[in-house]
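The chain contents come next:
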Amino acid sequence: MEEYNLTCIRCPMGCALRVSVAGDEVTVTGNTCPRGADYGRQEVTAPVRTVTSTVPVTGGQIPVVSVKTAGDVPKDSIFDVMRDIRSASVTAPVKIGDVIVRNAGGTGTDVIATKAVGIKD
Amino acid sequence: MIRRDIVIIGGGPAGLAAAVAAYDAGSRDILVIERDDRLGGILNQCIHNGFGLHTFKEELTGPEYADRFISQLTDRGIEYKLDTIVTDVSDTRCVTYMNGSEGVVTIEAGAVILAMGCRERPRGALGIPGFRPAGVYTAGTAQRLVNIEGKCIGKRVVILGSGDIGLIMARRMTLEGAKVLCVAELMPYSGGLQRNITQCLDDFGIPLLLSHTVSRIYGKERVTGIDISEVDENRNVIPGTEIHYDCDTLLLSCGLLPENELTRQAGISIDRVTGGPDVRDDLETSAEGIFACGNVLHVHDLVDYVSQEASRAGQMASEFVSGRKRDHLSYLKVETSGGIRYSVPQYISPKEMEDSITVRFRVDKVYRDRKLCVYLGTTKLREQRKNIVKPGEMEQVVLLKKDLGSASGTDTIRICLED
Ligand SMILES: Cc1cc2nc3c(=O)[nH]c(=O)nc-3n(C[C@H](O)[C@H](O)[C@H](O)COP(=O)(O)OP(=O)(O)OC[C@H]3O[C@@H](n4cnc5c(N)ncnc54)[C@H](O)[C@@H]3O)c2cc1C
Ligand code: SF4
Numbered sequence: 001m002e003e004y005n006l007t008c009i010r011c012p013m014g015c016a017l018r019v020s021v022a023g024d025e026v027t028v029t030g031n032t033c034p035r036g037a038d039y040g041r042q043e044v045t046a047p048v049r050t051v052t053s054t055v056p057v058t059g060g061q062i063p064v065v066s067v068k069t070a071g072d073v074p075k076d077s078i079f080d081v082m083r084d085i086r087s088a089s090v091t092a093p094v095k096i097g098d099v100i101v102r103n104a105g106g107t108g109t110d111v112i113a114t115k116a117v118g119i120k121d
Numbered sequence: 122m123i124r125r126d127i128v129i130i131g132g133g134p135a136g137l138a139a140a141v142a143a144y145d146a147g148s149r150d151i152l153v154i155e156r157d158d159r160l161g162g163i164l165n166q167c168i169h170n171g172f173g174l175h176t177f178k179e180e181l182t183g184p185e186y187a188d189r190f191i192s193q194l195t196d197r198g199i200e201y202k203l204d205t206i207v208t209d210v211s212d213t214r215c216v217t218y219m220n221g222s223e224g225v226v227t228i229e230a231g232a233v234i235l236a237m238g239c240r241e242r243p244r245g246a247l248g249i250p251g252f253r254p255a256g257v258y259t260a261g262t263a264q265r266l267v268n269i270e271g272k273c274i275g276k277r278v279v280i281l282g283s284g285d286i287g288l289i290m291a292r293r294m295t296l297e298g299a300k301v302l303c304v305a306e307l308m309p310y311s312g313g314l315q316r317n318i319t320q321c322l323d324d325f326g327i328p329l330l331l332s333h334t335v336s337r338i339y340g341k342e343r344v345t346g347i348d349i350s351e352v353d354e355n356r357n358v359i360p361g362t363e364i365h366y367d368c369d370t371l372l373l374s375c376g377l378l379p380e381n382e383l384t385r386q387a388g389i390s391i392d393r394v395t396g397g398p399d400v401r402d403d404l405e406t407s408a409e410g411i412f413a414c415g416n417v418l419h420v421h422d423l424v425d426y427v428s429q430e431a432s433r434a435g436q437m438a439s440e441f442v443s444g445r446k447r448d449h450l451s452y453l454k455v456e457t458s459g460g461i462r463y464s465v466p467q468y469i470s471p472k473e474m475e476d477s478i479t480v481r482f483r484v485d486k487v488y489r490d491r492k493l494c495v496y497l498g499t500t501k502l503r504e505q506r507k508n509i510v511k512p513g514e515m516e517q518v519v520l521l522k523k524d525l526g527s528a529s530g531t532d533t534i535r536i537c538l539e540d
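From first to last, the protein sequence lines stand for chains U and H. Sequential numbering of the first sequence, starting at 1, is according to the working numbering. Sequential numbering of the second sequence, starting at 122, is according to the working numbering.
Hints in this document: simulated from the structure, not taken from any laboratory. Bear in mind that the values here come from a model prediction, so they are computed numbers and not experimental data. Note that the Cβ used here is the ideal one computed from N, Cα and C, for glycine as well. Keep in mind that a hint or two might mislead.
[Stated by the list, open to error] With a Cα cut of at most 20 Å, we get these calculated DMTMM-like pairs of lysine to aspartate or glutamate: (1) 178(H) - 76(U); (2) 501(H) - 532(H); (3) 120(U) - 532(H); (4) 454(H) - 516(H); (5) 300(H) - 76(U); (6) 272(H) - 84(U); (7) 120(U) - 84(U); (8) 120(U) - 158(H); (9) 75(U) - 158(H).
[Unchecked claim] Below, a sample of chain U positions facing chain H; criterion: calculated Cβ distance under 8 Å: (10) 9; (11) 11; (12) 45; (13) 48; (14) 50; (15) 58; (16) 63; (17) 68; (18) 75; (19) 82; (20) 96.
Sequences and hints are given; from them, build the entire structure.
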């Protein structure tokens with residue numbers, strides 16, 4: 001049996017989790033809410049993260065728009081996702097939720113805008 | 122003079138939530154004043170996720186969280202001014218602001234809500250030997266340059282201070298293709314949230330050097346390198362322990378200070394520990410009808426708590442304007458000891474308070490296996506086990522009106538940690 005001490009990162013409470021793995025059996029303790037148990041299980045089997053960054057905007061009120069992956073992506077693909085984000089750009093106007101990169105880094109997850117950017121007047 | 126019922130200074134999450142709550146409590150004549158060119162405050166540059174899980178039950182980025190509150194404000198048709206700076210507040214609730222179209226204007230307010238947020242401890246205060254070359258930024262300035270202005274600020278980075286902004290920037294710079302060599306922290310513990318150490322440093326193998334500081338900066342025009350040395354328990358550099366790092370950028374993440382110039386000018390009493398005004402359980406400061414919430418009151422790590430606190434301030438301000446008077450003689454002082462540095466609120470009225478009140482506080486260092494105890498006079502009201510408490514994470518305890526009912530005027534409420 002393997003034991004891991006983790007910090008749940010699903011919310012800023014940062015609960016201290018103890019995760020034990022015995023074959024296919026994963027048990028999580030120390031979580032305050034069910035999301036913590038999911039996180040603990042996921043983290044020791046296939047860890048995932050949300051990636052956030054910015055993308056340049058042409059003709060916008062501000063030079064860059066903030067973006068995020070629309071869902072979690074495997075931790076190992078963070079830099080593949082970033083490669084796609086860093087070569088992307090958009091033209092104003094941008095709305096929250098607009099898709100900026102499709103299937104980022106081949107993860108099947110899109111990158112979407114998290115800020116509205118109007119056209120520069 | 123122009124008269125307004127409620128004037129809110131600052132359009133960050135605190136100001137927005139206060140305005141919405143004041144409206145929902147029945148006030149209509151509300152004005153939010155923001156010096157920046159958009160609402161949302163610091164959230165506009167906090168593009169990472171982790172906001173709002175408690176408020177909206179989903180994990181949002183800073184700009185998305187701000188947008189939810191901005192919509193609530195505009196849906197209610199609450200008036201706000203951008204590019205407008207408040208230059209003076211008096212203890213009689215006269216608010217003076219300035220902007221390009223109106224010049225200087227003074228308003229007489231029925232109630233004022235202070236929601237000016239906080240600013241970074243300036244780098245000058247840090248006293249590191251060496252020149253002051255380009256490439257040295259406070260972490261918050263770097264965050265604004267990268268996340269709002271889209272600038273690239275450096276390729277090889279060292280970060281001094283493990284506050285949350287420093288940790289968040291360590292990840293951000295790494296994702297942007299920079300190499301973050303290490304994060305050095307003067308104290309023997311991190312000032313940031315554990316989750317940020319996990320997902321911003323550990324994920325990318327960035328070392329966190331506790332009890333270390335920058336002992337020298339090299340480079341005249343631009344940073345070319347720095348030395349990092351270990352410090353002893355009195356935070357003095359231990360000679361001979363320095364390690365040299367070649368780098369072009371040094372970020373300083375050394376804490377935030379509530380932005381209270383206006384508060385001080387108004388002669389409002391300031392808590393020496395928090396750096397913010399001291400407040401009663403209704404978030405009123407020492408000046409009648411002037412309320413405070415958010416980071417101007419004390420530095421918060423969680424925006425959800427800022428929004429909650431600010432909603433109460435908005436509601437209380439609205440009640441004040443509608444003529445609710447409180448018995449000012451009924452307040453008890455909340456004292457803190459045994460490792461607890463401060464509490465907010467600092468005063469509670471058992472007579473006037475709502476059925477329960479959340480008291481928030483911070484500790485002075487890391488403690489394990491302690492009991493959090495609350496006393497009224499010499500009577501213990503509450504005892505709660507704490508496996509671990511850390512200075513980087515705000516704690517809270519809920520006090521009930523029915524427990525405080527027996528208080529006499531000379532009692533104090535005391536919150537402390539015990540073995
Ligand atoms: C870098 C960083 C990362 C964070 N990460 C997280 C996180 O992951 N999760 C989380 O939940 N919380 C996080 N927080 C905490 C949370 O975002 C803040 O506590 C919250 O934004 C504070 O809100 P506020 O309204 O009090 O202050 P602010 O957002 O600073 O707003 C204050 C506003 O007042 C305006 N103002 C100031 N003075 C004047 C004046 N004289 N006249 C007119 N306007 C004025 C300012 O321009 C500003 O817009 C983070 C904070 C920071 C700084
Ligand atoms: S277990 Fe729940 S409450 Fe604790 S950090 Fe995770 S999500 Fe937050």
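Now the hints, each set against the structure:
1. For the suggested pair residue 178(H) and residue 76(U), the alpha carbons sit about 27 Å apart, so the restraint of at most 20 Å is broken.
2. Taking the CA atoms of residue 501(H) and residue 532(H), the gap is near 13 Å; set against the 20 Å cutoff, the hint holds.
3. With a C-alpha separation of about 60 Å, the suggested pairing of residue 120(U) with residue 532(H) is violated against the 20 Å cut-off.
4. Pair hint residue 454(H) plus residue 516(H) holds up; C-alpha atoms about 19 Å apart against a cutoff of 20 Å.
5. Straight-line distance between C-alpha atoms of residue 300(H) and residue 76(U) comes to about 18 Å, which keeps the hinted pair within the 20 Å bound.
6. Taking the CA atoms of residue 272(H) and residue 84(U), the gap is about 18 Å. The hint holds against a cut of 20 Å.
7. Taking the CA atoms of residue 120(U) and residue 84(U), the gap is about 26 Å. The hint is violated against a cut of 20 Å.
8. Restraint check for residue 120(U) and residue 158(H): the C-alpha separation of about 13 Å stays at or below 20 Å, so the hint holds.
9. Pair hint residue 75(U) plus residue 158(H) does not hold up; C-alpha atoms about 36 Å apart against a cutoff of 20 Å.
10. With its C-beta approaching chain H no nearer than about 4 Å, residue 9(U) sits inside the 8 Å limit, and its interface hint holds.
11. Interface restraint check: residue 11(U) against chain H, minimum CB-CB distance 4 Å, threshold 8 Å, status holds.
12. Against a cut-off of 8 Å between C-beta atoms, the interface hint on residue 45(U) is violated, since the closest Cβ of chain H lies about 16 Å away.
13. Taken as an interface hint, residue 48(U) does not check out: its beta carbon lies about 11 Å from the nearest beta carbon of chain H, beyond 8 Å.
14. At its closest, the beta carbon of residue 50(U) sits 5 Å from a beta carbon of chain H; the interface hint therefore holds under the 8 Å criterion.
15. Because the closest C-beta pair between residue 58(U) and chain H is about 12 Å apart, greater than 8 Å, the hint is violated.
16. Hint status for residue 63(U) relative to chain H: holds, with the closest Cβ pair at about 4 Å, below 8 Å.
17. For the restraint placing residue 68(U) at the interface with chain H, the shortest Cβ-Cβ distance is roughly 6 Å, inside the 8 Å limit, so the hint holds.
18. Below 8 Å, beta-carbon pairs count as interface contacts, and residue 75(U) has one with chain H at about 7 Å; its hint therefore holds.
19. This hint holds: residue 82(U) has a C-beta 5 Å from the nearest C-beta of chain H, less than the 8 Å allowed.
20. Given hint, residue 96(U) at the interface with chain H, holds; its Cβ is 6 Å from that chain's nearest Cβ, closer than 8 Å.
Going through the hint list in order, the structure does not satisfy hints 1, 3, 7, 9, 12, 13, 15.
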